[in-house]
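The listed protein sequences derive, respectively, from chains A and B. The first sequence begins at 1 in this note's numbering and counts up by one. The second sequence begins at 326 in this note's numbering and counts up by one.
Hints in this document: simulated from the structure, not taken from any laboratory. The C-beta atom is built at its ideal place from N, Cα and C for all residues, glycine as well. Check before you lean on any hint, since a few could be wrong.
With a cut-off of at most 27 Å between alpha-carbon atoms, the simulated DSSO-like pairs for lysine-lysine come out as follows [as the list claims (entries may be wrong)]:
#, chain 1, residue 1, chain 2, residue 2
1, A, K133, B, K564
2, A, K239, B, K368
3, A, K133, A, K239
4, A, K169, B, K468
5, A, K211, B, K368
Across the chosen pairs, the derived CB separations fall in these ranges [stated by the list, open to error]:
#, chain 1, residue 1, chain 2, residue 2, range
6, A, S110, B, E475, 22 to 32 Å
7, A, E102, B, Q512, 31 to 41 Å
8, A, Q27, B, P543, 45 to 55 Å
9, B, G649, A, G307, 52 to 62 Å
10, B, P543, A, G249, 29 to 39 Å
11, A, P147, B, E371, 44 to 54 Å
Number of protein chains: 2
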Amino acid sequence: MLATLALALSAQAADPLPSWNDGSTKQAILSFVKEVTHKSGPKYVEPEDRIATFDQDGTLWVSHPLYTQAMFALDRVRELAPKHPEWKNKEPFKAVIAGDREAMANFTESDWELIVAATHAGMTTEQFLGIVKDWLVKAKHPKFKRPYTELVYQPMIEVMDYLRANGFKTYIVTGGGQEFVRVYSEQIYSIPPEQVVGSSILTKYEYKDGKPILMREPKVFFIDDHAGKAIGINLFIGKRPYAAFGNSGGDREMLEWTQAGDGARLMMLVYHDDAEREYAYGPAGGLPDTKVGTFTQALMEEAKKRGWVIISMKNDWRRIFSFGQ
Amino acid sequence: MLATLALALSAQAADPLPSWNDGSTKQAILSFVKEVTHKSGPKYVEPEDRIATFDQDGTLWVSHPLYTQAMFALDRVRELAPKHPEWKNKEPFKAVIAGDREAMANFTESDWELIVAATHAGMTTEQFLGIVKDWLVKAKHPKFKRPYTELVYQPMIEVMDYLRANGFKTYIVTGGGQEFVRVYSEQIYSIPPEQVVGSSILTKYEYKDGKPILMREPKVFFIDDHAGKAIGINLFIGKRPYAAFGNSGGDREMLEWTQAGDGARLMMLVYHDDAEREYAYGPAGGLPDTKVGTFTQALMEEAKKRGWVIISMKNDWRRIFSFGQ
């Protein structure tokens, strides 16, 4: 009896990916790690070259109905509104203050630029980190009614842990704001700030009361999306990843760049097809179209042609969140 | 007898900085490390926050009579000259091909920009790394008649090893080219490419024969010098250093930024006052003026006022190079 229990426990402990259903997707991860860590095998990779990169929004945590950072920016506009009476009659701020969901859903790139400039710049880097930290504690996701930092995909946490246990250095490579993600990356992903590559705005070295500060300027410095992800990986890491994980068109070049290296490479895309436990959107596979984390039919076909592995949230994930959904 | 020998050997092994003469400079390093690693002490620093940044040229290796990367660029101009007959009559190339030392010594910023564009761009990142690698094998320093990669300061290697043995993550933060330094940083400093922060030019994601490449463009992306060093540290590391090492005016802001944090901080400047074993230049302390790694009297006075520690190569270093000089 006790022996049986011990055996069962040890079998369970031996599975590094317990939130994944058995099948070819899970097997692709296990086989890849086996190949690159098999010292006398033909595809062995030295530990210092074991780099794995993860997109964040939609790959590691929920990004619908809007990116978390966009939610932050909108909340911030509402919080700052009393100090900006002129916003009441000025778009895009007017729509945000009025809570006009339809107008917000149709914001253009330049609308968002104005919002980012008003909410992400004009303060020091330290002040910004403090504002984000405070917001994360009180903000709740509209569907799940939980802090955003709890809406992390448990199966992906297991993949990151598993890769790290096998000598990989894990990086976040996000189109989102580098400084925004760095606030919580260590706490929720065990990824330190120096392993977060993201988009950034200009900072300026200035003095206040005789002390140096870094002021955030309302001007884009680097966009870490699409081709920018390959460029950012080279700039910040200087090594080509052996494994890359994404979920949308913005991750295409990162996966392509990863695959262009020699030896064993693992490219995976999270496909949001679980309307019941999370969300379902595409438009690949006939799922509803979206502006947030779009996964086109063309990307699905390219993935199949190139051997990129599609992760079906519905079929491959036994459990999505650590709180048991 | 044997016991005495064992005791002597163990005392020797206990000195983590054997190439440093005893004195207040060496003591400053030892005391700093003791303070930040003393778990119940008031200045204890968690291991994940132990960041140390090192300028390269003149701080970790020889930078006279010219920066190594400038030597590379000049050699490269000579190598490419047969393919560019027009250079014979076009400055600054004409002076380089003719070996006109006086003209080269007076090159302006824009002369160097033309040389960098001609020698560092118009190729893929992989091609560039290969060219640098090949050059490093064959190039020799004009005074020491050795490969540049041997002209590393042994006392600084010991400091880096000592800091790493005490949980520090060591970074190079250089005004030089990030991709240039990444070629050899692991080999000569045990610092991996992802821990090299430097200046960079734009790269562009393109395709050649269906494969993605990163093309180096003749356009500056980021200058990691002066205020750029503080900005670069925040951009690439996202943490403030506890220890910073430099040797010239370009490192001033990095030291200032380091010191502006709380708790124990170590700021050090290598002062080249050893004409016999290496070079002597200032103009601080009445040493000969230079355009390469200038250490002004004003910087010396600021260092004294702020408690930045001056490392005298002549007095503090028992040995400068691993080959025994």
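Hint check results:
1. K133(A) x K564(B): 16 Å, holds
2. K239(A) x K368(B): Given that 27 Å is the threshold and the Cα spacing comes to 36 Å, the pair is violated.
3. K133(A) x K239(A): 31 Å, violated
4. K169(A) x K468(B): 41 Å, violated
5. K211(A) x K368(B): 21 Å, holds
6. S110(A) x E475(B): 22 to 32 Å: Roughly 54 Å apart at Cβ, these two residues miss the hinted range, so it is violated.
7. E102(A) x Q512(B): 31 to 41 Å: 59 Å, violated
8. Q27(A) x P543(B): 45 to 55 Å: 47 Å, holds
9. G649(B) x G307(A): 52 to 62 Å: 55 Å Cβ-Cβ, so the 52 to 62 Å window holds.
10. P543(B) x G249(A): 29 to 39 Å: 30 Å, holds
11. P147(A) x E371(B): 44 to 54 Å: 24 Å, violated
Hint compliance for this structure: hints 2, 3, 4, 6, 7, 11 are not met, and every other hint is.
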